[in-house]
Each structure stands twice: as C-alpha cells, then as structure tokens.
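Residue numbers (my numbering), protein chains in the order written: chain S, 11 to 382; chain U, 223 to 480; chain B, 58 to 376.
Keep in mind the hints are simulated off the structure, nothing from the lab.
One or more hints might be untrue.
Straight-line C-alpha distance at most 25 Å; calculated BS3-like pairs for lysine-lysine [what the hints assert, rightly or not]:
# : chain 1 : residue 1 : chain 2 : residue 2
1 : U       : K328      : S       : K210
2 : U       : K313      : U       : K328
3 : B       : K113      : B       : K374
4 : U       : K313      : S       : K210
Treat the numbers as computed from the prediction; the structure is a model and nothing was measured.
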Amino acid sequence: MAATVETHADEMAPDDHPAKARFRPSAAGLVGRGIVWAAIAWLVLVFPLGRPGFEVQRFSQAVAYAIVALSLNVLLGYVGQISLGHQAFVGIGAFASAYLVTVQGQSFWVGVVGAAAIGGAQALVLGGVSLRIRGLYFALVTLSYGLVAEQNIFQIQELTGGGQGQAAPKPSGFETDWRYYYLCLAFLALVLWIDSRMMKSKGGRALLALRENPRVAATFGINVRLFTLFAFVVSGAFAGLGGALIAHNNTFVSPEVWSFNLALVFVIMTVVGGLRSRPGVVLGGAFFALMPYLVDKLGWLERALAAIPAPNDLTPELAPLVLGPILLLLTLIATPGGIGQQIRPLQGWLLGGRFDPHAQGPKEVQITDVRA
Amino acid sequence: MSVLEAQHVSIRFGGVQANRDVSVKVHEHEIVGVIGPNGAGKTTLFNMITGFYEPDAGRVVYRGRDVTACGVHERAAMGLGRTFQNVGLVKGATVRDNMLTAQHLKAGYSLVSGMLGTPTVATIERAMSARCDALAGALGLGDLLDTQVAGLPYGTLKRVEIATVLATDPDVLLLDEPSSGMGPEEAHQLGDTLLGLRRDFGLSIAMIEHHVPLVVRVCDYVYCLDFGQLLAEGLPHEVRNHPQVVAAYLGEDPEVVP
Amino acid sequence: MVDALEDRSRVIAIGAAVVVLIGIIAAAGEEEALVIGTISGAAYGLVALGLVLIYKSSGVFNFAQGEFGTVAVYTLYLLHFHVPYGVALLGAIAVATLFGLVVERAVVRPLFDAPRVILLVATAGIALLAVAIEIWFGGAQGKAVDRAFPTLDRVTVLGVQLSDQRLLLIALLVGLAALLGWFFTRTDLGVAILAASQQPTATELVGVSVRRLSSLVWALAALLGGIAGVIAIPEGGSFTPGVVTFSFLIPAFTAAVLGGMTSLPGAFLGGIIVGVVQAVATSSSLFEDIPGTPGTLMVFVVLLAVLTIRPQGLLGKTA
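Can you build the whole structure from these sequences, using the hints too?
See the structure below:
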C-alpha cells in the first residue's frame, strides 16, 4: 500500500453539492427547548415522588420494561432477528437474581450482574445452537424455547421454589419504592449509554450492515454469524438485567407470569415503540407497562372501556392484550416506524436542530426491514 | 508469482453447469479483465473466488495459500476486496458510515471497549474518520460523506462503492462491471482512476467488464468466458480479435465472421 | 438424477426416524404411548395441515392458526345451547372460516409484499387479540362441551380406549390430508394456488386473481383449524381461552417442520411422530427427572434436531 493518497478528483467529475450551513437555534428557541427538557425531567424525576408507593412500583416496572424493549430492539431492530421467547430471558434473569440473593445469600448487586451474565450466557447457548437457522424458523425455535422455560426451567426446584416462586428482596439502601425507582432509572441510563456507545462503534455498525446487506457486510470482513450471536448475547444480557429489576421490584418471582402472552407483549411494545429508535422503544416499553395504570387512572377511559357491551368488563389488566395487537397492526400497516417515527421531529428539535415535520432518521424503519 | 488464482474451478446449480474447469490467474500489480456475454458465468466465478460459493471442483489460491474452504469475511481479512453488480453498499447509512464499517478490521479495539466508550476507542474512531476523509477526497466525494447512500445517483454510487472497498485496505480488488451505466467519457475517466489506484495503492485488479475499449486500454491480460467455460485468454487486443470471442458476442458462426 | 438422490435420502430419513421412534417406544415399554400419541398427533397434524397450506401458498407462518380452532370451539359452546349439536358444529366451523377471511382481508392483504417475518408478527398479534377477546367475552374460567358422538369405547387398542370422537379425528386427518394432496396436484385451482405463490405476476397475467386465491387459501386454512378445534377440544374435557394456541400450536409447528413445511402428507406424518414423542416423554419413567412437563422439552428437542440435521424435514424439498 502506498503511503500517499493522490487525488483522483480531477479524473472523475465531482458532483455539485452546496455546503450545508450549521443550524443554530435562536435565544427564544433555546429557551423553548429548555422548558420542554425541564418538563420531561420533572415528569420522570419529580412527579413520581408525590405518588403512593404502589404507584411508584408501577413506574419502576415501566423502567424495567423500557430496558426489556431496548434489549429486544438490539435483536429485532439492529439485526432483524425475531425472538418470540424473550420472556424466557427476562424470566431467567429474574429467577437468577432472586436465587443468588435469597438462596445463595449474595448482595443485590451480585444478583443483578449475575442475572445479566446468565441472560447473556443463555443467549450464547441458544444462539450458538440455532443461529444457523433462518429467520422464520429461528422465531419458532425461540417460541418453543419460551415454552420450555415456562414449563421446564421455571419448574426446577432449587431455582424457582419448584413452581411456588422465589423471594427477591430489595437491596439495602434502596428499600423504599422511590429509591428503587431512581435505581432503576440509573440502570436504564446505563443501558442507554452502552447501547449508544455500541452503535457508534464497530460492533454497532457491523450489526446494521449485516441486517441490511449481509453479503456486503461479509466483504467488509464482518463475520455475520459471530456478530449475530454478539447481538443476541447483548440482547440477552439487557433482558436479564431487566428481569432482575422486575424481580426485586415485586420482591417476588413466580413462574406463571412468563407466558407466551408476555413474549408477544414484549415484541409488540418494541415494534410499536419504533425499531432502532431508542427513545421510541423506551416510550413503547413504558407505555405498555403503564397501560393498566393509565386505564385505571383515567376514569373516563375505564368507564368507556367498561361500557363496551360484553359479558365481562375490559379490565385494566386485559386492556394491553386488546389494545396491544390493535396498535401493532396499525403500526405495521400504517406507520412502520412506530412512536419513534412520530417523535423524530420533536427529538431533532430538542437536540438543537430545526423542527422538521418530515424528519427521517438515518435508519428509518421500512416494512422491508426484518429479514426472513 | 500469481497473487490470486482460480484453478480448474467448476460449479453447477441444479441442472445448470455455471462454470466448468475455469482457470484464471492474477499476478502482482496486474489488471486482469474477465469478459464474456451475459450469463457466461463471470459473476459466478467471482463469487467462488471471494467465497460466496464453494466450487464443486478446483481450488482458489491466494498468495500461495489454498483458501477454497475459507469464508467470505476471512478472505476479506486476507486482502480480497470486491464490488458488486448492483452496488454493494449499506443503503440505509451515510457514505461515512459505510466507509467506517468497511474499516471494520482496522478498528483496533475490542467489542467491549466499543460498548464502554473508552478514550482509546475515541482516538481510533477519529483516525478512522480521518481516513474516510482522505479516501473520499481522493475520489471527489468529500462533500458527500455525511449524505445518505440511498438516493445518490447511480454513477456516484459506483464511486462511493470504490471508496468504500478501498477503505477495507485490499491488496486485490475484484470489480464486477465497474463501468456499467457509464458513458464513453466516464468510462475513460474510470480507466484513469483504476490505473491511478493501482499505482498509488499497489493493487492488483481483476474486473468483469463489457466495455471493450476500457478493457483494451487498461488490462494487462484478458480472459473470455462463454457458457461457463474459458473461451480464450491472452493480451487484450489478441482476445478482442479472436474469432470465437467475436462470435460469442455476436452470436454467429465463427466461420462467417470476417 | 438429482431428484432420485433426493427421494432416496428422503426414504432413508423417514425410515430412520420411524425405526428410532419404535425402538424408543419398545425400549421404554410404552406401547400405550403409541396410541395416545397417535390421537394427540392427529390433532397436531390437523392444525399442521392448515399451517402448511398457508406456508405453501404464501410463505407465511400463521401464528393465528390455533385461534381458528379456539374461536370455533367457543362458538360451538355458545351455539349448542340454542341449536342442535350438528347445526352448532357447522355454525362453529363457518364462524372460524369467516374469521380467517377477515384476517386475510384486514391484515394479510395490506402486508402482501412485506417480509414474511412481519406477517409472522402480525399473525401472532392477531392470536393475542383473539385470546384477549375470548377472555373478555368468555371469561377466564373453563368451559366444557360434549363430544359429537357419545360412544367412549368403540375400540380398545393396546389398552387405550378409542372413542368415536378420537376415531373421527384420525379419520378426518387422513381424509383431509389426502383430499388436499389431491387438490394441489390434480385440480386447476390447486395448481393455480401453488403457481400464484411462486410466480404471482405470471399467474395474474394468465387471468387468475392472486388476491382471490389468497382469500380462498386462508378460508380453507381457517376451515381446517376450525375442524381441528371442534373435534379435538371436546375430547379433552374443559377448555380455557387460547386453548388451541397454547396446547397445540407449538407441537403443530414442530410437526409441520418435521414433515417439511411444504409437504401436506408431511404434516400428517409429522403430527403423528410429534404426538408419539410427546406421549412417550410424558408417561415414560426415563423422563421422570425432567422438571415440569417433559413433553414440552422433547418437542423442543425435536424441533432443534430437525432444523439442524435436516432443515427441509422428512418430506420437504431441499431449499
């Protein structure tokens, strides 16, 4: 390789491109953005303090769901592989942490790290065995695995109290609901940081390339299978972490929760949130976790739903299962980018750019995205 | 010493023998042309050389080493770069992102470091980005670095593809119809570029081409394929005037062609 | 020449699978499992037929296939209080078929050109919606419906009682598999459906409406699903929302994969094999130590084994 790079620009006709000026918001614009940021901060950090404990627990759950959504986004959004058994990863993380803390007498921190590690290890094993398998069939394998988790793994005596459930106390220093909530937020920030760092480095670029064009990715020297496995492991680790947070939030883990229904809710909340949009999937996860709470709180909504003629009421718990699929179908058919797509103009604005109602993210979701 | 060789490779798909007993050699710093009518098996040959297909018979040898069993990414790591007929780029990313992704093997930090965002990572990333600037500038793409690939005109895409494959730091470049979609003047400029790249980067090049003047001007040696088999090989003007080659392109009886 | 090789490997694979299976059963001393497994396998096979049908014609993995059955059996339950059983049966199957048509129109059509995984997710969403509506309208507690034919012990095979219902299930599976096989190879319509799936443009050009064929296929699959639901479920006692999906879908998919996703007789064969494997796992003392339900684990193992060793299944074509 020669050390110098000679320009060949004169040999090839360069295209005409006007230089783009850097946009700077006005003073009023900065103030406006500041106010919105402050409002968001208040909503996330201050508002929950005024609520009763059990409500704050729901918020913590929402944060954990946001982490689960981020984990599914790595697999579904970045790599284009679908996991219909993700509840197994989250559940195993939950049980792992509970087991480590209650049975092994470890601290919460060991439990959480252990849960993430076990989630990643599980993905490594499952992925190692089955990533040779193409997209649709891989979905089947994850679905079947999810059932195995529910009916076999979660019935293991030592791990799960033999189907009776396992206790998972909150960590010392964070026993109150509010403190635990902030702890969850800190973990969410950590996951967001790692995710954004990853996507700006060679690992993330490799994932996006192999999702869109695996042949070209290979010619870049990317080992497609290895990196798909890498994404799976990261996804598993994040999911395990989410599971641990859920476990200690409820101070108890039982096997029945981790059903096929939950697997679908996870996928739905990620797709509706918006693939490859971090704020989108966070909102998607939080929204689905809080749906029963919102239905409960918004009296008019609860009454309206109950008014729908049916032998039984559409309870707050049932609402996500009905509204979820409807939102999913609307997203797939009408706005494939989900919530993430909708908030992109706002997102761009908040980060100091112009408010562009037609803003298209560089990785905008199209219906042709997920590989078969 | 040849730097890259396909030795007696054959491959069949179902009922079709796509390549039969094809042998091609690229010597150090040579530019080799692979010509032939459509469907002659040229891209299939490249696919076998780069590792997308495994030949039923024969070997692929790179710098004296049998790489027939090596995967695509392994051959890329050894220095084999390649472009595609329908432009091999990540369309949903910017030009810069493509060129950064292409430097995948040059990013000297671990995946975990990448996820943590250590200062080393930042330094290396800056160096990689600077390399993108240099390469893009050399091909007149400096302004386009932060533009999305999707939506760029076809001719520009071909230049972006070359810049991107150069970012992988190849020793041997396999180009699949680099001049497709170009008029005579552009193709001439492409020829200059290729000669320049060979000189500046010390490359060896093999290219599938239909543009005969370009092949004659730029190539040191030419192979002609037809129906999956080697029809003729030799110096460009020899092959160009070879009666069977002419007939293959025109589809006529060799005796009839003047 | 290539096809002869493929046929031979197919025969070897089937032969090996059957020998291994019978060997395991004999070793475990679980002959009843053979019969019990065949019965449950017949139900899996029936659901698998619907899965293969849709996959063959549009490449979609239909996760809502199970719910065609659940909706049918719930309808049967609601109707049989008001009308004679036979009428209720027909009504239930009709409602399931209608459900299939609605799904095709509202979801499959708009996503016609989308990647197949998107459609998979969409059908999974529909399954969830169906279950949620069943809980909402039907309540979460179990319901029960009588069998179509009351005779419980028409025949006893290897110590297992075979009711009329069970015999009917098996007969239906065999009959429908044969019927569909004939349909796809001998009738113009069947051939057209296959053509449409492989070459939609060409099919349109010769004057066949691909959209209309799509509706037909989904109606047919829903019909099969409905039949599976109303015949198999009453045999099992009480049922809860989502019963066919939760109990049958994964084994049915495994059966379809095992048989070969493009093979209708494969679905039949796969169903029986999966049923027997599951029955052996459940009753044999060999699997006692597996926590929870051993059958579930074994079905998973079968799925993984097929996909890693012989992805095209026993009777499918190599990709």
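Practice problem: With a cut-off of 25 Å on the C-alpha distance, tell me whether U:K313 and S:K210 pass. | Solution: Holds: U:K313 and S:K210 sit about 17 Å apart, inside 25 Å.
Quiz item: Are U:K328 and S:K210 close enough, with their CA atoms no more than 25 Å apart?
Solution: holds (15 Å)
Quiz item: Does the structure keep U:K313 and U:K328 at a Cα separation of 25 Å or less?
Solution: holds (22 Å)
Quiz prompt | Proposed proximity, B:K374 with B:K113 (alpha carbon, max 25 Å) | solution = Satisfied, since the Cα-Cα distance of roughly 12 Å is no more than 25 Å.
Of the numbered hints given earlier, the model fails none.
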